[in-house]
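Colleague: Chains as they are written, first to last, in the working numbering: chain A, 91 to 453; chain B, 259 to 552.
Note that these hints are calculated values from the structure, not bench results. Where is the CB? At the ideal position from N, CA and C, for every residue including glycine. Worth double-checking, as some hints may not be accurate.
To be verified - Just some of the chain B residues that point at chain A, by a computed CB distance under 7 Å:
#1 Val-299
#2 Asp-446
#3 Leu-447
#4 Lys-449
#5 Ala-450
#6 Val-465
#7 Leu-469
#8 Ser-509
#9 Asn-510
What the hints assert, rightly or not - Using C-beta positions, here's what the derived DEER-type ranges look like:
#10 A/Ser-102 to B/Ser-539: 22 to 32 Å
#11 B/Glu-276 to A/Thr-109: 18 to 28 Å
#12 B/Ala-365 to A/Asp-361: 46 to 56 Å
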Amino acid sequence: MSNRTIDALPISVRNVTKTYGPVHALNDVSLEVRSGEFLTLLGPSGSGKTTLLMVLAGFTRPDCGSLKFGDREVIRTPPHLRDVGMTFQSYALFPHMTVAGNVAYPLKLRKVPKAEITERVEAALETVQLGGFGDRRIDQLSGGQRQRVAVARAIVFEPRILLMDEPLSALDKKLRDQMQIELRHLHEKLGMTTVYVTHDQREALTMSDRIAVVNHGRIMQLATPRDLYDRPANRFVADFIGESTFFPVSRSGSDILFDGSPLLYDVPPPDTKNLMLMVRPERVILSPEGPREGTNNFTARATDVVYQGDSFLLHAALASGAGQIVLRGAMRGANVMTLPNVGDALTLSLAPEDTVLIDGSDK
Amino acid sequence: MQAVRINEAGLARDEWFERLKLFGLGSPAMLLILIILVVPVGWLFYVSFIGADGTFSLENYERMLKRKSYARIFQTTFEVSFLTTGLCILIGYPLAYFISGLPNRIANLCLITVLLPFWTSLLVRTYAWLVLLQKRGLVNEWAMSLGLWDEPIKIVHNMTGTLIGMVHIMLPFLILPVYGAMRAIDRDLMKAASNLGASPRRAFWTVFFPLTLPGLFAGSLMVFILCLGFFVTPAVLGGGKVIMVSMKIVSNIELFVNWGAASALGVVLLVATVAILWVASRFLNLERMTGGGH
């Protein structure tokens, strides 16, 4: 399987609802996953992202809805006939089998000839950089190695769809960062349609072609990482992804007023009554020479300065009393020598392209 | 450079005191075991080698080898133990499987029901079976009124009655360790098996069952060993037709007042049990080596 690209299948979820008593775990969810795409379901715990994955795998039976892998309707197909690969949060490796036994398991079920099994198991282990580990027992492996075995077992039978349920959540940060890149490469190499569940927004941004942000059993937004971060569809998405502060703004004719003065912006604001200005800390710049031409400028007083090694975080109260603004500055150049002090009067600037107006509703 | 070693003596003393305390806590139990177990068993061994004339002799063991009745008694003992263990597995394993799949609260309730017989005297339970199973007992009366059979059938004072009583009494000893093993299995494993293409039956036999083997093994062993030395139930429900080693021991003492013969039987039973445990422990270790243990 090493260099073959698997024919991927698109996934089509239509109007899927799942209720547990009065709770909507999934509320009329529709989602199209493109063939070969790496799509992440991102949301807080209890949002319904795992339920949706379990519906895809066949472990949760929804109340209603349609699920298609390619042209095949599979909503009533039991899990063992769906032919999708899956990795579990707990890895779910069989403790009574060796590494090779685990990876060979799906092949044995598919009655693959013995010699071919040996070959494909070794190839799959090679793919996850565990060549030669076949004879090990599961309890002899580290967390990262178990993760790789789980991946090898999920891809060895060349499924055209791969589901991953928070596969990296049990690993420490360094290993997680490394595995993110590895899984990403693996996906590029094998090309199977992948649905990945995580609650870690950075992980989602790192790995995904597209991200579906899920909350209260609904998909709040489905977009590329960049669009999601730069143009969140509503306040929940803006809040959940990255840090941000929100300020209410008002319309006056064609102008958008913040603190009584019109804002400069690039992208036209959404058509909503509840318009808000979203400010990402890393997009705000400190203007020591006073207001800059062609940007939105705010005067503020520093209330808190936090040194964080690679950057610093500055909290400042707007002079108008409209609230707190947060700025993240890089630790380089002049900042290395002197950071602003608490109580300093400052000018903060926000370029028009960084001035993002969003729908402030929280739904 | 010389390392600075401060408080060394004091810390060593603390360590020593701590060990002494642990030993002190354990000593009453160790003393008790010495008095009520080691000493009597030693005495048992000693008496078994004393002949009728009061000198050292192997006649108590020779008799066991010579007389056919002894061979039959040992055969019956192992037969009853095997059958009871087998029936306990057949009944207990599916029940444990069923209970392990229930929500916690209901499962606990079921376990209490399983354990309920433990809180009733063994004698009471055995005589209750006698009442139920006798010729004009509840089972025969009901079965006949339902038309299942016409004549009262003999289900007590024989092997059948003994097995019914024994299985009832031994069942909890099997169910508890098996249930424990089942609960310890990560349910994601079954999902994984299913996802990888295993039908529910395949997933059960290739993943679930192998993982419950250590529990099943421990439970079966416990039942088997308890059966080997069982007395009350076969004595009451066997009706003199099912003679096990324990009953022969009693008759040797009560009828023939031959302590030597009784002791020799006891020793053989003990040695057989230890041998089984020893063999079994090798198997259990093997289980752990193949990753089946928890």
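Colleague: Against the range 22 to 32 Å, how does the distance between the Cβ atoms of A/Ser-102 and B/Ser-539 compare: consistent or not?
Modeller: violated (56 Å)
Colleague: Restraint: B/Leu-469 near chain A, CB-CB cut 7 Å. Satisfied or not?
Modeller: holds (6 Å)
Colleague: Between B/Glu-276 and A/Thr-109, does the C-beta distance stay in 18 to 28 Å?
Modeller: violated (57 Å)
Colleague: Please verify that hint: B/Asp-446, Cβ, nearest Cβ of chain A, below 7 Å or not.
Modeller: holds (4 Å)
Colleague: Is 46 to 56 Å respected by the C-beta to C-beta distance linking B/Ala-365 and A/Asp-361?
Modeller: Holds: the Cβ-Cβ distance is about 55 Å, inside 46 to 56 Å.
Colleague: Would the hint on B/Leu-447 stand, with a C-beta cut-off of 7 Å toward chain A?
Modeller: holds (5 Å)
Colleague: Just to be careful: measuring from the Cβ of B/Lys-449 to every Cβ in chain A, is the smallest value less than 7 Å?
Modeller: With Cβ-Cβ at 6 Å, under 7 Å, it holds.
Colleague: Under 7 Å is the threshold here; is the Cβ of B/Val-299 close enough to any Cβ of chain A for the hint to stand?
Modeller: At about 38 Å, which exceeds the 7 Å cut-off, the nearest Cβ of chain A leaves the hint on B/Val-299 violated.
Colleague: Can you verify the interface hint for B/Ala-450: is its Cβ closer than 7 Å to any Cβ in chain A?
Modeller: Check passed: Cβ of B/Ala-450 comes within 4 Å of chain A, closer than 7 Å.
Colleague: Using the nearest Cβ pair, does B/Asn-510 come within less than 7 Å of chain A?
Modeller: Violated. Min distance 47 Å.
Colleague: With 7 Å as the cut and Cβ atoms as the points, is B/Ser-509 at the interface with chain A?
Modeller: Since the shortest Cβ distance to chain A is 47 Å, the answer is violated.
Colleague: Should the hint that B/Val-465 touches chain A count as held when the rule is a Cβ pair under 7 Å?
Modeller: Cβ of B/Val-465 sits 6 Å from chain A, so the hint holds.
Hint compliance for this structure: hints 1, 8, 9, 10 and 11 are not met, and every other hint is.
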